[in-house]
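Student: Spelled out from the first residue to the last, the chains are:
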Amino acid sequence: GAVVSQHPSWVICKSGTSVKIECRSLDFQATTMFWYRQFPKQSLMLMATSNEGSKATYEQGVEKDKFLINHASLTLSTLTVTSAHPEDSSFYICSPRRPSTDTQYFGPGTRLTVL
Amino acid sequence: SQQGEEDPQALSIQEGENATMNCSYKTSINNLQWYRQNSGRGLVHLILIRSNEREKHSGRLRVTLDTSKKSSSLLITASRAADTASYFCATEGAQKLVFGQGTRLTINP
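Residue numbers (this note's numbering), protein chains in the order written: chain A, 162 to 276; chain X, 11 to 119.
Careful: at least some of the hints might be erroneous.
[Stated by the list, open to error] Pairs of lysine-lysine, PhoX-like flavour, derived with a Cα cap of 25 Å:
1. Lys106(X) with Lys181(A)
2. Lys227(A) with Lys106(X)
3. Lys106(X) with Lys36(X)
4. Lys36(X) with Lys202(A)
5. Lys106(X) with Lys225(A)
6. Lys216(A) with Lys36(X)
7. Lys202(A) with Lys106(X)
For the record, the hints were derived by calculation from the structure and aren't laboratory data.
Just need the whole structure built from these sequences, with the hints factored in.
Tutor: Written as structure tokens, this is what we have:
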């Protein structure tokens with residue numbers, strides 16, 4: 162399978178601060194990146210879809226000004242949680258799509274805890 | 011939005027028994043995939059079944075797909091303690107994966 166990394170793997174921050182999560186596809190170029198969020202004991206919820214060089218498309222109920230997604234290159238996408246609050250505490254998982262096989266791969270996730 | 015519904019939400023069985031989890035979805039799909047997730051960890055891809063397939067096997071896993079009923083099942087045979095995890099179905103349509111609610115499986119030694 163493909164190698165996908167996320168950094169950091171976990172982060173604790175104070176309420177009101179912004180947190181940036183990086184996702185890299187290490188062995189293929191991802192034209193499309195998906196970002197998911199998973200609350201404890203729940204399933205993965207798709208937050209947004211981004212295509213390289215374009216603005217992200219957000220799912221209903223996800224605030225685009227709060228969750229900033231940058232997909233500036235084919236191997237790197239970032240999710241910035243702005244002005245984080247405790248209710249943003251969650252497990253964030255990126256998922257790049259390999260265009261040659263139309264397969265989605267998943268990063269190991271980033272656990273965000275907002276105090 | 012979440013498309014799939016899984017049942018049961020939780021399943022606890024004895025080691026060696028078979029475990030069956032079901033997934034239902036609402037719209038047309040290209041394929042359906044099953045994933046495993048250990049507590050607090052990332053996803054592990056188990057198996058993919060395409061919309062034109064009815065059954066697929068991989069080791070102790072057996073997946074069925076009934077597109078007329080919009081449902082799928084995952085059977086794990088001869089369960090082991092290491093199979094304890096959450097299992098999610100995910101449907102692919104419109105070039106994105108949407109996950110079901112998941113089944114928390116506990117295998118008791």
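Student: Are any of the numbered hints broken by this structure? If so, which, sorted upward?
Tutor: When the structure is compared with the hints, only number 6 turns out to be violated.
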